[in-house]
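Number of protein chains: 2
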Amino acid sequence: MGWRRPRLLCCLFLSLSAASLARAATRYNEWEISYQLRSPDCVRKLAVTINGQTPGPTIRAAQGDTVVVRVKNSLLTENVAIHWHGVRQRGTPWADGTEGVTQCPVLPGDTFTYTFVVDRPGTYMYHAHYGMQRSAGLNGLIVVAAAPGEPEPFAYDGEHAVLLNDWWHASTYEQAAGLASVPLVWVGEPQSLLNNGRGRFADCSAAAAASNASLPECAAPVFAVVPGKTYRFRVASVTSLSALNFEIEGHQMTVVEADGHYVKPFVVKNLNIYSGETYSVLIKADQDPNRNYWLASNVVSRKPGTATGTAVLSYYGGRSSPRRPPPTTPPTGPAWDDTMYRFRQSVATVAHPAHIQTPPPCADRTILLLNTQNRINGAIKWALNNVSFTLPHTPYLVAMKSGLLGAFDQRPPETYAHQGYDIYGVQKNQNATTSDALYRLQFGSVVDVVLQNANMLAPNNSETHPWHLHGHDFWVLGYGIGRFDPAVHPASYNLKDPILKNTVAVHPYGWTALRFKADNPGVWAFHCHIESHFFMGMGIVFEEGVERVGKLPQEIMGCGMTKGH
Amino acid sequence: MGWRRPRLLCCLFLSLSAASLARAATRYNEWEISYQLRSPDCVRKLAVTINGQTPGPTIRAAQGDTVVVRVKNSLLTENVAIHWHGVRQRGTPWADGTEGVTQCPVLPGDTFTYTFVVDRPGTYMYHAHYGMQRSAGLNGLIVVAAAPGEPEPFAYDGEHAVLLNDWWHASTYEQAAGLASVPLVWVGEPQSLLNNGRGRFADCSAAAAASNASLPECAAPVFAVVPGKTYRFRVASVTSLSALNFEIEGHQMTVVEADGHYVKPFVVKNLNIYSGETYSVLIKADQDPNRNYWLASNVVSRKPGTATGTAVLSYYGGRSSPRRPPPTTPPTGPAWDDTMYRFRQSVATVAHPAHIQTPPPCADRTILLLNTQNRINGAIKWALNNVSFTLPHTPYLVAMKSGLLGAFDQRPPETYAHQGYDIYGVQKNQNATTSDALYRLQFGSVVDVVLQNANMLAPNNSETHPWHLHGHDFWVLGYGIGRFDPAVHPASYNLKDPILKNTVAVHPYGWTALRFKADNPGVWAFHCHIESHFFMGMGIVFEEGVERVGKLPQEIMGCGMTKGH
Chain H
3 MGWRRPRLLC CLFLSLSAAS LARAATRYNE WEISYQLRSP DCVRKLAVTI
53 NGQTPGPTIR AAQGDTVVVR VKNSLLTENV AIHWHGVRQR GTPWADGTEG
103 VTQCPVLPGD TFTYTFVVDR PGTYMYHAHY GMQRSAGLNG LIVVAAAPGE
153 PEPFAYDGEH AVLLNDWWHA STYEQAAGLA SVPLVWVGEP QSLLNNGRGR
203 FADCSAAAAA SNASLPECAA PVFAVVPGKT YRFRVASVTS LSALNFEIEG
253 HQMTVVEADG HYVKPFVVKN LNIYSGETYS VLIKADQDPN RNYWLASNVV
303 SRKPGTATGT AVLSYYGGRS SPRRPPPTTP PTGPAWDDTM YRFRQSVATV
353 AHPAHIQTPP PCADRTILLL NTQNRINGAI KWALNNVSFT LPHTPYLVAM
403 KSGLLGAFDQ RPPETYAHQG YDIYGVQKNQ NATTSDALYR LQFGSVVDVV
453 LQNANMLAPN NSETHPWHLH GHDFWVLGYG IGRFDPAVHP ASYNLKDPIL
503 KNTVAVHPYG WTALRFKADN PGVWAFHCHI ESHFFMGMGI VFEEGVERVG
553 KLPQEIMGCG MTKGH
Chain G
3 MGWRRPRLLC CLFLSLSAAS LARAATRYNE WEISYQLRSP DCVRKLAVTI
53 NGQTPGPTIR AAQGDTVVVR VKNSLLTENV AIHWHGVRQR GTPWADGTEG
103 VTQCPVLPGD TFTYTFVVDR PGTYMYHAHY GMQRSAGLNG LIVVAAAPGE
153 PEPFAYDGEH AVLLNDWWHA STYEQAAGLA SVPLVWVGEP QSLLNNGRGR
203 FADCSAAAAA SNASLPECAA PVFAVVPGKT YRFRVASVTS LSALNFEIEG
253 HQMTVVEADG HYVKPFVVKN LNIYSGETYS VLIKADQDPN RNYWLASNVV
303 SRKPGTATGT AVLSYYGGRS SPRRPPPTTP PTGPAWDDTM YRFRQSVATV
353 AHPAHIQTPP PCADRTILLL NTQNRINGAI KWALNNVSFT LPHTPYLVAM
403 KSGLLGAFDQ RPPETYAHQG YDIYGVQKNQ NATTSDALYR LQFGSVVDVV
453 LQNANMLAPN NSETHPWHLH GHDFWVLGYG IGRFDPAVHP ASYNLKDPIL
503 KNTVAVHPYG WTALRFKADN PGVWAFHCHI ESHFFMGMGI VFEEGVERVG
553 KLPQEIMGCG MTKGH
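Here the protein sequences come in this chain order: H and G.
Residue 145 in my numbering sits at position 143 of the first sequence, and the numbers go up by one each step.
Residue 301 in my numbering sits at position 299 of the second sequence, and the numbers go up by one each step.
Simulated from the structure, these hints should not be mistaken for lab results.
Treat the hints with care, as some may be off.
One copy or two, either will do: identical chains are not told apart, so a pair holds if it fits within one copy or between any two.
Stated by the list, open to error - Once the Cα atoms are required to be at most 25 Å apart in a straight line, the calculated SDA-like pairs of lysine to any residue come out as:
(1) Lys-74 - His-395
(2) Lys-430 - Glu-416
(3) Lys-430 - Phe-345
(4) Lys-74 - Ile-378
(5) Lys-74 - Gly-380
(6) Lys-74 - Met-563
(7) Lys-74 - Glu-557
(8) Lys-305 - Asn-462
(9) Lys-498 - Thr-256
(10) Lys-74 - Asp-438
(11) Lys-74 - Thr-392
(12) Lys-519 - Gly-54
(13) Lys-74 - Gly-111
(14) Lys-286 - Arg-236
(15) Lys-519 - Pro-218
Using the sequences and the accompanying hints, generate a full structural model.
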């Protein structure tokens with residue numbers, strides 16, 4: 003079967019210069035999704051793979067290119083959907099890959115073609131957006147080079163890409179069943195932390211694990227550098243649960259990119275990275291070339307129950323074999339509960355002076371979302387303003403374009419009773435409702451969202467939630483610890499050089515304020531990127547300008563009210 | 003949402019008397035399919051459940067009743083389809099529940115309504131017919147009572163029902179991935195044998211299993227009897243792999259029913275039962291009532307790696323608590339490799355003299371199927387005449403009624419080069435092809451199928467294959483050990499009182515000959531009922547009179563070429 007002409011709207015190209023248009027290429031990818039028995043941490047487990055691998059192949063393209071991914075579902079009984087995380091899908095909202103929001107799932111035996119333009123350079127990722135398939139292995143990197151003639155505000159001699167993940171030996175089906183059980187059956191902390199899909203289960207009393215220790219698929223990744231050169235490390239986290247701290251032993255990092263946007267450079271010993279975030283850091287290969295160095299990832303924000311994830315930095319021409327473990331103990335990162343350490347890095351991440359996109363000075367609408375754990379019929383859920391999200395039976399985009407505007411509740415709660423609310427106590431009203439309510443935004447309006455973190459059901463406990471917005475980048479206007487006061491805190495917003503991101507941390511007992519322009523016609527999920535939290539209801543959905551969306555492709559339909567239509 | 007009027011064709015009722023029609027009831031069942039963490043053998047595992055249970059609820063109806071089962075799929079990412087095993091679906095071929103053959107799978111969130119008539123009394127079962135969901139727990143019993151005024155040819159005072167199964171701790175997804183791997187990763191023998199969904203993992207060194215040993219869900223089932231009374235035990239096997247021998251310690255059994263047909267009664271110490279078969283046996287409660295007795299199931303035909311599955315027979319009014327284990331060791335059954343022991347029981351199973359349905363004296367067509375293990379691209383498959391079956395992307399029934407008669411190969415091999423073929427040797431030509439070829443039968447014609455067993459890929463190895471035919475019962479005309487000779491063996495066929503069955507064993511190195519009339523318009527699978535064998539290609543599909551099938555219900559469509567139609 004040949005390639006069909008990619009379905010594209012003219013407006014896709016509006017923001018690109020004629021010159022870059024002329025250069026734009028189409029990058030074809032042919033993927034087959036299948037179950038494979040893999041041993042990423044030397045312990046064999048069922049994985050959902052792309053062309054037999056997890057993570058899947060890295061998509062490489064240049065700014066302005068069209069990416070075409072033809073996905074064949076060769077699973078047995080299970081459907082799929084793949085999200086292109088950080089790609090705004092301007093003009094192609096049906097290609098966002100969010101099951102229940104922008105498309106029906108892809109059935110076993112079916113082939114679905116995703117076609118979209120990568121209109122900004124930077125580091126992105128892709129992953130399943132259906133059930134808990136992301137955790138099952140369906141994820142990978144997208145690297146978009148700057149268009150030729152569009153210089154980046156930093157220089158480097160070579161680059162490496164690092165995809166960080168956490169990994170469990172229990173199946174994702176079992177994890178999901180446990181999360182929905184009453185009482186909740188919690189899978190526990192991950193068995194391993196993976197670097198580019200490789201790790202080493204540390205507590206392997208099992209003979210099987212030991213006998214697999216020489217498997218190439220769980221050999222530690224080696225990143226080679228030439229002495230004296232500067233390297234860009236693209237670092238992405240697709241973890242299901244864990245907030246991570248990433249360190250390259252003995253090498254300071256300069257942070258230069260976050261979620262595809264240039265950062266005012268700042269130097270760190272190590273990088274805090276939350277699920278759904280991407281960064282680029284520069285390192286100089288200026289250490290003793292005759293030994294190797296650890297790349298270490300450590301769990302932060304939750305009390306770690308998982309060994310440090312490791313890989314190796316090795317110098318070309320040095321006297322150490324690339325495969326030799328460094329002579330040191332891997333770095334253990336900062337104290338896991340040092341919230342302020344992470345908070346300071348969040349605040350330090352602002353736009354590069356030469357790449358500031360000034361936010362609109364004020365918002366047309368402000369949505370204040372209280373993040374709490376709740377109970378519904380005895381089951382533990384996450385909720386926003388006491389509403390726990392559930393996906394509808396017919397994807398929003400499809401339902402709304404079919405004239406079913408009234409199919410969803412359209413009056414979700416805009417705020418919560420924040421005055422006098424004790425975010426440090428266990429919530430008094432633990433009741434929540436489930437809803438597929440849709441936040442409809444006026445097209446072109448400016449929207450502020452303030453995410454307010456609070457205590458969980460257990461006393462003295464508040465987690466970090468990395469919130470991810472589809473279809474947009476948002477300006478990060480401010481962070482705080484404590485209760486957000488709409489009368490006080492907006493005055494402290496950074497309107498000068500806020501970074502644009504698509505994923506941002508809300509720190510324990512803290513708040514994060516962000517702003518975006520509702521100028522991308524479509525329906526867009528906004529949710530905590532911890533997979534179990536979204537599964538348990540921690541998300542909402544925005545709609546804007548759906549009337550401006552062109553004719554939907556037939557292939558996103560076939561479920562719910564569009565089954566058999 | 004209210005009940006819709008069941009979709010029925012008038013012809014459904016043609017074979018029922020006016021009297022029974024007047025009595026016929028409609029039995030409504032509302033099912034929700036979901037993942038649950040269950041501990042059927044005291045070890046917790048993910049199961050696919052019906053209304054939270056595995057096995058699911060027993061469907062009870064009387065001959066002539068209409069059964070309606072509204073199935074809501076509440077799985078996360080996985081589709082379902084449910085087959086009503088032994089129900090011929092005359093007039094409702096779209097309700098057979100065979101994914102890829104008679105319907106598209108039911109998507110998560112969707113509800114599918116199965117409506118069919120149970121036109122014969124007897125013992126049947128239901129189970130998923132999609133991927134390996136049957137093994138994952140989606141199965142149960144159907145018990146159809148004789149219509150009032152239609153006496154059965156035996157008497158009893160009470161009845162019990164026993165559903166036998168085998169159970170693994172590895173997930174079915176993992177099992178399937180292993181079966182498709184090169185080299186094959188075999189899950190090994192089952193961890194437990196279950197009786198009505200309960201067993202006890204015998205090799206439980208794990209502390210977890212021990213701590214779960216008091217769970218009610220894995221307590222041994224107790225079957226209570228009144229001294230002096232006669233009981234009908236309905237016994238069904240839904241095993242994925244295991245051939246079983248079932249014994250009630252100290253109580254001889256009289257076999258009276260097989261697959262819904264009355265058997266010329268014969269007495270056995272224990273009953274061999276293959277996956278997909280059902281039997282009724284009578285026992286007399288004539289033993290010492292002051293002790294309990296074992297119900298024991300043991301693996302036969304494969305070298306057992308699984309402990310005896312047990313339950314308890316207890317007498318009312320005796321001095322033993324129903325929960326007290328019998329004072330003996332559970333029966334271990336016949337030698338696992340005593341093929342002739344099982345062969346003799348097969349041959350002994352003939353029609354009850356008062357219920358003989360004489361087969362047509364000769365066949366219009368004879369299909370001779372050689373059962374072999376083969377390799378395709380290095381993967382191990384099962385094949386018939388060196389063709390390994392694969393399901394098509396669009397279900398046959400849907401494709402054919404949509405005028406896509408040419409969508410499938412329609413010339414599958416009718417026979418194999420049987421003259422001089424050495425069934426006792428490893429097959430010389432191990433190459434096979436995969437195909438979704440369809441055997442099209444002339445409507446109303448009489449078809450003979452001879453299933454010829456042979457050696458596997460490993461020397462000196464031949465397994466028992468229980469073959470199951472959808473949409474029909476067939477007469478079992480004969481069994482043999484050795485190579486079937488079309489010029490010799492048909493002369494020995496039992497044309498006098500052959501039993502009608504829907505599932506029949508093909509013994510190691512043996513052959514089984516069966517006959518049926520192609521008089522049920524539809525498309526019908528015929529396959530080995532060992533789940534992994536069908537997954538690996540051991541099946542074919544028959545079509546007959548598809549032009550006589552009425553308008554298909556919309557809800558069976560929505561996949562393959564009917565996606566979005």
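Results of checking the hints against the structure:
| no. | hint | in the structure |
| --- | --- | --- |
| 1 | Lys-74 - His-395 | both (23 Å within a copy, 12 Å between copies) |
| 2 | Lys-430 - Glu-416 | within (20 Å within a copy, 73 Å between copies) |
| 3 | Lys-430 - Phe-345 | neither (28 Å within a copy, 70 Å between copies) |
| 4 | Lys-74 - Ile-378 | between (37 Å within a copy, 21 Å between copies) |
| 5 | Lys-74 - Gly-380 | between (39 Å within a copy, 22 Å between copies) |
| 6 | Lys-74 - Met-563 | both (24 Å within a copy, 15 Å between copies) |
| 7 | Lys-74 - Glu-557 | both (13 Å within a copy, 24 Å between copies) |
| 8 | Lys-305 - Asn-462 | within (13 Å within a copy, 56 Å between copies) |
| 9 | Lys-498 - Thr-256 | within (22 Å within a copy, 89 Å between copies) |
| 10 | Lys-74 - Asp-438 | between (29 Å within a copy, 19 Å between copies) |
| 11 | Lys-74 - Thr-392 | between (27 Å within a copy, 17 Å between copies) |
| 12 | Lys-519 - Gly-54 | neither (40 Å within a copy, 46 Å between copies) |
| 13 | Lys-74 - Gly-111 | both (7 Å within a copy, 22 Å between copies) |
| 14 | Lys-286 - Arg-236 | within (14 Å within a copy, 76 Å between copies) |
| 15 | Lys-519 - Pro-218 | neither (47 Å within a copy, 57 Å between copies) |
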